[in-house]
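Colleague: Below are the chains, spelled out letter by letter.
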Amino acid sequence: MRKAVAAVAVVAASTVAALAGNNGQDFAQIERGRYLAAAGDCAGCHTAVGGADFAGGMAIETPFGKVVAANITPDRETGIGAWSDDDFVRALTEGVARDGTHLYPAMPYPYYTKVSRGDVLAIRAYLTTVPAVHNPVTSDQLPFPLNQRADMAVWNKLYFHSGEYRPVAGKSAVWNRGGYLVEGLMHCGACHTPKNTAGGDYLDRPLKGYALQGWFAPDISGDTRRGIGSWSADDLVTYLKTGHNRFAAATGPMADVVAKSSSKLTDADLRDVATYLKDQPGLEGEEEAAQASPVDAGNSQMQAGAAIYTDECSACHTPKGTGVLNLFPSLAGAPSVQSADPTSLIRVVLGGTRSVATDQAPTGPAMPAFAWLLDDRRAAAVLTYIRNSWGNAAAAVTAAQVQSERADLAKRTE
Amino acid sequence: MARKLPRKDVAIIGLGWTGSILAYELAQEGLDIVAVERGPWRDTATDFPVAYVPDELRYRIRHELFLRPAQVSVTFRNKEGQEALPVRDWGAFMLGNGAGGAGVHWNAETWRFLPSDFTLRSHLTQRYGAAFLPPDTTIQDWGVTFDELEPHYDRFEYLCGTSGAAGNLKGVIQPGGNPFEGPRSQPYPTPPQKQNFGHALFAKAAADMGYKPFPQPSGNLSQAYTNPLGVELGPCTYCGYCEWFGCANYSKASPQTTILPALLRKDNFTARTECEVTRINLDKGGTHATGVTFVDSSGQEWEQPAELVILCGFQLWNVQLLMLSGIGRIYDPNTGEGQIGRNFTHQVMSTAIGFFDKNQYVFNPFIASGAIGMCIDEFNGDNFDHGPHGFIGGGYIGQVQTNGRPIEMIEALPAGTPSWGAKWKQAVKDNYLSTIYSGGACHGSCYSYRQNRLDLDPTYKDRFGRPLVRMTIDFPDNELKMSAFLTDRYAEILKAMGAKEIVKKPRKGPYDVTQYQTSHLCGGAIMGANPKDSALNRYLQSWDVPNLFVMGATAFPQNAGYNPTGTVGALAFWSASAIRRQYLKKPGPLVDA
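Chain order of the listed sequences is B and H.
Note that the working numbering has the first sequence beginning at -9, numbered continuously upward.
Note that the working numbering has the second sequence beginning at 30, numbered continuously upward.
Please note that a few of the clues may not be correct.
Within a straight-line C-alpha distance of at most 25 Å, the following computed DSS-like cross-link-like pairs (lysine-lysine) qualify [what the hints assert, rightly or not]:
#1 H/K537 x H/K524
#2 H/K458 x H/K524
#3 H/K223 x B/K310
#4 H/K295 x H/K33
#5 H/K537 x H/K452
#6 H/K33 x B/K250
#7 B/K310 x B/K250
#8 B/K254 x H/K529
#9 H/K524 x H/K241
Please keep in mind that the hints were generated in silico from the structure rather than gathered at the bench.
Based on the sequences and whatever the hints tell you, model everything.
Modeller: Following this line, the structure appears as structure tokens:
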């Protein structure tokens, strides 16, 4: 019987101009570049659903409008085949394209600027090996005046801090490797760090959570209630590797990150990431105390929520909110359940969601949608109950918040 | 005009239990596989969501998950000479549809057949003499033995995470299990489910009478489980919405919860849903399958060439497709010649309803699962001496009450209750909590007979103009005697449990196509030791077309006194193993005719 050929032969494209100072055929460098490209989740944006690898075309939703990811295959006309290594380094670390125009920070150059030149060139070496695809992409779909790329020069002056990651003295090599990955290639802050109205990071609140694309990317600092402070380093490694652990399941944009990026990283790197994240300070003092007191169980929302929880939620998440390991996330003690911003929770209840399936955890269990069943008041009640039971404590969810999220969800097509 | 698709290594027809298993096993060999499924894609959270799946009217009464008779049906008659009429509303059996097939809507009762079931004719002939067998019976040996199948039963149970108590571990009888079962190589993957009061009371009464009760092996899991494919199942919540329903919380073993997630990760597997296979194509000589032809939902016809065709549909449709494709000869009951359509069997189900004093007994029947229950196996197969009774066959007996769903439960009211009005309401109220009503209490075997068969209807056609499959089936005296005997034994136990009133419901003839009696249709293209009396060899390979394998209960020469899915799963792994180890190395007949 004829055996199917499972792998597609990859033909290395010849890109003469690109190779000055970078021989581009060094196996070890290409392999390292492939790994680093996964760490940077390049494919997350530059490979469209159903499209060729790295050929661009994925529209990235920003608070200002859509930016379409560029073709970064070696095609000379529509990709980056004609770029020199220096062009490539400048784009990644300075946010300036080969023709001198400014990139938008949807391309996370404010993070990639921390990546070493050697690592950037390794990614470049890898990208020269992928099949060249002719695919013209019009990146800029922002409205006027945001479509004036020259504006970005001003933005950069205000919010962009150029320069490689500098190891923090007094911290271990493990910690600093974690910091290099988190702050650089993995660009965790692009989603998880709060931003001002111009989209610049609040540098004093790194990784404290931020709402974007209809989700709330939760606090991933060492905060014990809202962050990952209560997770062990193993829990965090398991989550990033498989998309699941005893507390949580990756869904929404994080499901893509796990599938395309973190699940492909080595355990050693993930452990370094965990070490760094767990050491990021959480809320302290009065701010922590103010958020640690639960809504009173006698509150009418809590009572209605308890009844709804029993009927609709307890069959999977169990009456005590403990869930089932790797299948139904624990709600009790879960940071994402107690997040300051309930956007993701509301979204999951209304629209349902599918958790990521990985080779290590192939099940990919999903949460059904309840928008048809729970009106705004009832959804708010059950979420308030979940956020304030079994030791959880977080602000009540209001019907107005649910109404707003429901309207947002109705407009979404993903 | 059919459009031609690129050639595949394997075309699988139907993506239920057997289609999923064969696809996964052959995908492990690196083969390029397409599964063509008549129904829709189905997934737990989107299609069986927890908030509305426990809807008895929608799923149990209105058959939401099943094939629509307008799409395809069958015709039915009891005897030769009668005019068969089309079934326009499913009754006696339910016909699964879509990804997961009947594995979505089953109760998940996961049994093994007895060792003697696989050598039935020779075993009974040896013990009682040929003259003891009923006239016209066409029972026969399977061509495969229990010992050969045991590792494959084991694989299916570990795929599913089956919850049960071993009764015979490598030949050593285990307390609390079924002492009559064949030796198993290892314990069940998960412990038995918890039992409700009514089930526990049955077990106590049965033990007091000298029987050896044991928990029914269940594919609704007693605890969370990760199967060998890495797919995870949750613990059953005893909601009692299993048969007729998809499971909302990932606790019932189905292709969706055990195998499809792993299969979908394979790049060499493709599923085409809402595509109905209309024909298995043969070469000019008629001895080699060249692929399949199917029609998509827009009406476009496609030809899918393939090196190997695996027929994994439901029993009726497998037989119909063989007939319509001209594979083998259609069985003629007068001459006994022809293999396709013969040995058509079902299941001989019966029960008794026990009414108990409502002030003393509160059974809370709604706390249940599709395979909860306590059973005895003293009267199954040939576990007892049939000599004095004048029949062959038997079945397990049990308090296997799988639900307390309101519409179904109100069928069980004491004799003399009016059928509507205040007195009816009062009787429902008085009896709901204190009645034992186990629909499948006596799970009787159904043996094969010369006259029970399938063929093509001369009159009625489907939407493509193809003849419908015609069922000719009735229950002979042997089956009715057996059913009465099992029902009496069950009623004795109900009495010992303390029932104040018992209504026996043994199976009565003629076979009634409107009364539900399990979806365990069997036979029609049976396996066997030689092509004279079987359509398939012992590896489920077609004698006539060696690059065609036919899965499912289609291959059962007769049905035993158990639910068939465990054996269907074991046969699928057995056949897959033969394809992987033997056929792929040297394509051709695995048994010389």
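Colleague: All hints are to be evaluated individually against the structure, with a verdict given for each.
Modeller: Status of the hints after comparison with the structure:
1. For the suggested pair H/K537 and H/K524, the alpha carbons sit about 22 Å apart, so the restraint of at most 25 Å is met.
2. Proximity of H/K458 to H/K524 is assessed by CA-CA distance (about 22 Å); at most 25 Å being required, the pair is judged to hold.
3. Annotation: proposed proximity of H/K223 to B/K310 holds, straight-line Cα distance about 20 Å (limit 25 Å).
4. Proposed proximity of H/K295 and H/K33 is supported: the alpha carbons are some 24 Å apart, at most 25 Å.
5. Restraint check for H/K537 and H/K452: not satisfied, since their Cα atoms lie roughly 29 Å apart, outside the 25 Å limit.
6. At most 25 Å may separate the alpha-carbon atoms for a hinted pair to count; H/K33 and B/K250 exceed this at roughly 35 Å.
7. Between B/K310 and B/K250 the CA atoms are separated by roughly 34 Å; this puts the pair beyond 25 Å, and the hint is violated.
8. About 66 Å separates the Cα atoms of B/K254 and H/K529, which puts this hinted pair outside 25 Å; it is violated.
9. The straight-line distance between the Cα atoms of H/K524 and H/K241 is roughly 17 Å, inside the 25 Å bound, and the hint therefore holds.
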